[in-house]
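Protein sequences, first through last, are from chains A and B. For the numbering used here, count along the first sequence from 1 and bump the result up by 476. For the numbering used here, count along the second sequence from 1 and bump the result up by 476.
Mixed in with the good hints there might be a few duds.
Claimed, not checked - Straight-line Cα separation of at most 20 Å, SDA-like style, residue types lysine to any residue; simulated pairs:
no., chain 1, residue 1, chain 2, residue 2
1, A, Lys747, B, Thr521
2, B, Lys747, A, Thr521
3, A, Lys722, A, Arg648
4, A, Lys508, B, Arg743
5, A, Lys747, A, Val662
6, B, Lys508, A, Arg743
Derived by calculation from the structure, the hints in this document are not laboratory data.
Here's the letter readout for the chains.
There are 2 protein chains.
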Amino acid sequence: MVEPASGSAPLTYRDAGVDIDRVTDELRQVAKMARRTHTDPRVLTGIGSFGALFRADFGGMAEPVLVSSTDGVGTKLLVAQRMERYDTVGACLVNHCVDDILVMGAEPLFFLDYVAAGHFGEGKLAALVSGFARACEAEGLALIGGESAEMPGLYRPDDFDLAGFIVGVVDRPQVLGLERVRAGDVLIGLHSSGLHTNGYSLAQKILFERAGLDVHDTLPGMDISVGDALLAEHRCYRRPLLPLLKDEDLHALAHITGGGFTDNVPRVLPKHLSAVIDRDAWDVPPLFTALQRLGPVARAEMDRTFNMGLGMLCLVAPGAVERVLAVLREGGERPLVVGRVEPGDGSVRYAGSSDA
Amino acid sequence: MVEPASGSAPLTYRDAGVDIDRVTDELRQVAKMARRTHTDPRVLTGIGSFGALFRADFGGMAEPVLVSSTDGVGTKLLVAQRMERYDTVGACLVNHCVDDILVMGAEPLFFLDYVAAGHFGEGKLAALVSGFARACEAEGLALIGGESAEMPGLYRPDDFDLAGFIVGVVDRPQVLGLERVRAGDVLIGLHSSGLHTNGYSLAQKILFERAGLDVHDTLPGMDISVGDALLAEHRCYRRPLLPLLKDEDLHALAHITGGGFTDNVPRVLPKHLSAVIDRDAWDVPPLFTALQRLGPVARAEMDRTFNMGLGMLCLVAPGAVERVLAVLREGGERPLVVGRVEPGDGSVRYAGSSDA
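Same shape as in the complex, but just chain A:
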């Protein structure tokens, strides 16, 4: 039990590293950005205060089901930190979450963000939240709430983390997934914009440690810097897939996130079926081939870590493939047939060239 020296200056919360006034000010900017996303009349603003309100009005649905998901950005945040660019990772997280519920057939309703940091420097919190707000606006969901925590001691001053939480809705008869998947279904791949939000620990080990590259260096075959390539925003597949969500011939969608094809495709496979992916069916983008060569990393390990250039796989009834491809092309995609479903054991098998 030690009493403080008599005459110690009185302590305030600000002395402990938490400046409520400064944060309150930045939170006001954040609130303004969030309000721009409140275009859905079901968002009830102006009433209440401790929680965010959204009218559960799902007119026209026989049996509405809420679909929720949570995610983080992972160590992609370290790239944002190296690049001192904070306005994109929030969009990655929104898009990741939208894609995660899209594969259940759900349309997004609202999103909440969690932002934690050792210190919110000038404009850092606002920049981070601007990424969330921009993507929510683009995809038509409401950024309805959030928490910003400045935690000196828990995070080093420049460190930060983000988490996102999404709620969407789907009519139960339209839930996509393994119940619909049949032998003979065709796998259609949609291009990714880069690593999306997965495999960043390995990618950074390869590029910055093994290869000794800097974020400002360029990779052969690419005309942008390593940093720009790594920070490319996680794509949202909602717009191109929207016209197909109620299509009976779209059986399932697999969002290729952590674990690559190897771990994500089985999430939509019944135990008695396997997916065969033809590795020769698409050109693996230069960022992935560079990672594979510079590691070096075995192709099998690549396929269970990275998306290899395809961020979303559609499992489609064989008779509908041409029609689905046409709809996707109309939506601006360059879709590719990359495999099919066969009798098996719930796993993914690979065909074509094995180790590059």
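Based on these hints, arrange chain B on the given structure of chain A.
Positioned in the frame of chain A, the structure of chain B alone reads:
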């Protein structure tokens, strides 16, 4: 552009510090704990995979409104780390979130957790999630989803952070809040169990830095260690308040979190009313008086940082005070009348002894 030395051992994701197999195993334990909370038949398990499904069936409600909130535990996590006790902070977070939507009049439906760490040591992830699961079970909501991210490089090995997301529902005519609050309303305080989840940066600065205490020391007037006192779980006020949620005479609830009375009570005050809190109306618990003395911290700063022993304030119609007190006592509370609402400017004023 540096090529790796010829003959470098091939890299795997595990080499980058992420061991999917080990984490998968701990995630299986986590899934088992979560399943125990899936007692609500609206939780649809076994279908889908990328998102969690909950039937939007709110039978009997005229106009169901979803109430959502997100929060973290703040630097209370540093105390858990010092004490190496990981199974309580998850419960703090669930209870915090339940209390946050309770003040809107909402009953909780489901919860999702985000857990990030530099490294999940033996059983740490499972211990953290056990706190979430235990509190969800106790309060009857479903732990429906979550994300566990191991991020070497972003977090130091022993560091971790938690975020929680809650969704509840309230029938719109029963939304509590400032629209109902009138001059003359009486403030009834409900005891907190300790600091709950706020003011931990200041508390630790005082206790560990200024006073040089260790988590295992005891404070005068307390028969438990500093660590145990600081780790006391955030109380959930759902059970005692449940019988009052549809009571017209309960006008509003203020959850006393970050910002103390000074910042939280105004969240339920119309601009033309103020709340007067009588500081002599309750005994401030020894943990708070010790913090105030050891800082030293001015009482005004205490009141805008800590809950001072009252974690929830109920704003009640004057004619209903005795009845409400009786209901709360029946629910096991020791409720206290601590102030009233008066014409004013939307702020909190304090009466009674000013600086102890």
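Taking the hints in turn, this is what the structure says about them:
1. Lys747(A) / Thr521(B): holds (17 Å)
2. Lys747(B) / Thr521(A): holds (17 Å)
3. Lys722(A) / Arg648(A): Judged against 20 Å, a Cα distance of about 11 Å means the pair holds.
4. Lys508(A) / Arg743(B): With a Cα-Cα distance of about 18 Å, the restraint between lysine 508(A) and arginine 743(B) holds, given a limit of 20 Å.
5. Lys747(A) / Val662(A): holds (17 Å)
6. Lys508(B) / Arg743(A): Given pair lysine 508(B), arginine 743(A) holds - Cα atoms ~18 Å apart, limit 20 Å.
In the structure shown, no violation is registered for any of the earlier numbered hints.
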